[in-house]
Amino acid sequence: MHGLIQVAGIIDQAEANLIIEEGADWLGFALRLPAKNEDLSEADAAAIIKEIQPEHKGVIITYLTDADEIAAFCTEMGVGAIQLHGDVTPAELRRLRGLAPDLYVLKSLVVKADNIDELSTIVADSAEWVDMFITDSFNPATGAKGATGLVHDWGISAELVRISPRPLMLAGGLNPENVAEAIEQVRPAAVDAHTGLEDPVTRRKDRLKVRTFVAEARAAFARTAPDGARR
1 MHGLIQVAGI IDQAEANLII EEGADWLGFA LRLPAKNEDL SEADAAAIIK EIQPEHKGVI
61 ITYLTDADEI AAFCTEMGVG AIQLHGDVTP AELRRLRGLA PDLYVLKSLV VKADNIDELS
121 TIVADSAEWV DMFITDSFNP ATGAKGATGL VHDWGISAEL VRISPRPLML AGGLNPENVA
181 EAIEQVRPAA VDAHTGLEDP VTRRKDRLKV RTFVAEARAA FARTAPDGAR R
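Yeah, the sequence shown ends on 231 if you go by my numbering, and it's all consecutive.
Worth flagging that the hints you see were computed from the coordinates, not collected in a lab. For clarity, every value in this text was computed on a predicted model and none was experimentally measured. Any given hint could be a false lead.
Each computed EDC-like pair below joins lysine to aspartate or glutamate, with the alpha-carbon atoms no more than 16 Å apart [to be verified]:
no., residue 1, residue 2
1, K57, E21
2, K209, E198
3, K112, D153
4, K57, E22
5, K209, D199
6, K57, D131
7, K112, D87
8, K209, E177
Between the sequences and the hints, there should be enough to build the whole structure, so can you do that?
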């Protein structure tokens with residue numbers, strides 16, 4: 001898998017349609033968050049996910065940590081992929097794989113200052129039970145892990161790409177202006193953007209930003225694709 005583009009923080013059907021029309025692959029729905037500040041209801045998200053065609057994928061982004069609850073939630077929502085931002089232990093990831101063997105599991109790696117050793121341990125302990133890792137940014141002022149609009153040290157993400165036996169998605173402060181440089185420096189299998197594609201006033205995805213982001217990412221992925229790579 002190489003060259004995949006995810007746009008996260010979908011708020012309604014119109015925004016989902018815009019993102020698909022502009023060429024993104026996966027759509028991320030943030031639900032069951034610690035602060036209960038979801039952008040849309042679970043019922044609305046499930047209705048949008050139901051309409052997504054097979055060439056795209058709806059992904060639940062959540063902080064749930066219990067394997068039983070995660071598996072049940074994915075079944076309820078009708079999704080085949082889950083992005084886990086909570087502190088899910090390797091034991092729970094193993095249980096989740098047993099409960100939902102066909103579920104595509106992304107495990108977050110939250111990049112902080114000089115925490116490469118901690119993240120390397122998570123990769124080593126969790127890789128057997130996940131399909132992809134996603135690096136994201138930490139906001140020390142708010143404690144937020146993801147959807148911060150902040151860029152982290154890409155050198156850490158590049159090192160994780162090097163050592164991980166699973167593909168890695170790069171997130172954290174990506175936008176149309178920096179995504180090409182990020183891909184060229186980190187060499188991820190995928191990228192994710194959220195706040196960097198929003199209109200600062202309406203907080204909705206901006207069509208031109210999404211279009212430009214996708215185009216810049218596609219071009220950078222083409223330049224950095226390993227020999228024989230296929231998305």
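A quick look at each hint next to the structure:
For the hint pairing K57 with E21, the CA-to-CA distance comes to about 14 Å; that is within 16 Å, so the pair holds. Simply put, K209 and E198 have alpha-carbon atoms about 8 Å apart, close enough for the 16 Å limit, and the pair holds. The straight-line distance between the Cα atoms of K112 and D153 is roughly 8 Å, inside the 16 Å bound, and the hint therefore holds. For the proposed pair K57 and E22, the alpha carbon gap of about 15 Å is at most 16 Å, so the pair holds.
Distance hint between K209 and D199 is fulfilled; the C-alpha atoms sit about 9 Å from each other, no more than 16 Å. Among the hinted pairs, K57 with D131 is consistent with the structure: their alpha-carbon atoms are about 15 Å apart, no more than 16 Å. The hinted pair formed by K112 and D87 meets the criterion: a straight-line CA distance of about 15 Å does not exceed 16 Å. At roughly 9 Å between alpha-carbon atoms, K209 and E177 fall within 16 Å of each other, so this suggested pair holds.
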